[in-house]
Amino acid sequence: MQFAIVARGDARSADIARELTNKLTEAGHSVSKEPRIVVSVGGDGTMLQAFHEYIDRLDDTLLVGIHTGHLGFYADWQPDELDELTEMITSESFEPVSYPLVEVLIDYEDGTTERQLAMNECTIKNYKRTLVCDLSIRDDYFETFRGDGLCISTPSGSTAYNKALGGAIVHPSIEAIQVTEMASINNLVYRTIGSPLLLPKHHQVKIEPHTKTEFELAFDHQEALSWSNVRSIRCAVAKEKVTFARFRPFPFWRRVRESFIEEGK
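Here the sequence shown is numbered in the numbering used here, starting from 401 and rising by one per residue.
You can trust all of the hints, since none of them are fake.
Here are the simulated PhoX-like cross-link-like pairs (lysine-lysine), alpha carbons at most 20 Å apart as the crow flies:
1) 601 x 639
2) 423 x 433
3) 528 x 612
4) 612 x 525
Just so you know, these hints were derived from the structure itself, not from any lab.
Make the full structure from the sequences, and use the hints.
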């Protein structure tokens, strides 16, 4: 089987990546730029990096995580389990498990549109001034938002930045996106819903900035870029999905408990 490894930039992760590469090649597998299996060695940030690095091969690639970082919500494997992981990859003892993604369509004033995908979330912020924008759901005006920004997350990403903003944790079997506010302004003059919105896959949210000033748009916190001359941003559940190789049971709610409440028992 062809494979690739994406490692976090620390010595321990690099050592584990080299060790796993040796074990897999000795077992008859080969390193490839068009891999069937992509192994992330690090934390959740490394997994997001691996997703974006192979975003053009979502239909042909399975992701696997080895946890060496601070938070390994996506990682099923520990560094001392490389022999077992090698054996299970060799015997193909895994089940593909797919999670929803969020599609982001950026419509510019000149009539062009740019498309992006995110595994965890897309964030819209304006650090220089209050972000003011109209939100429409299924082309029906919903509200005018004023605040620091908005987070549009996937179910698997609902445990990341969305959770820190007070959003709900959503099981990844639910094909939906969640819109969560960042420090919205609510008073006698201005009013927003003040609650996360969970939208099913056939609903699209359109965000239309009131001014044409620059704002920051980030996908999975990989890199925040300044955007201008944007007419609207449309977000919905993508037709593509990200697929993980699941080698052993690891129920979602147990993963949530062990990541945020207590260590496994």
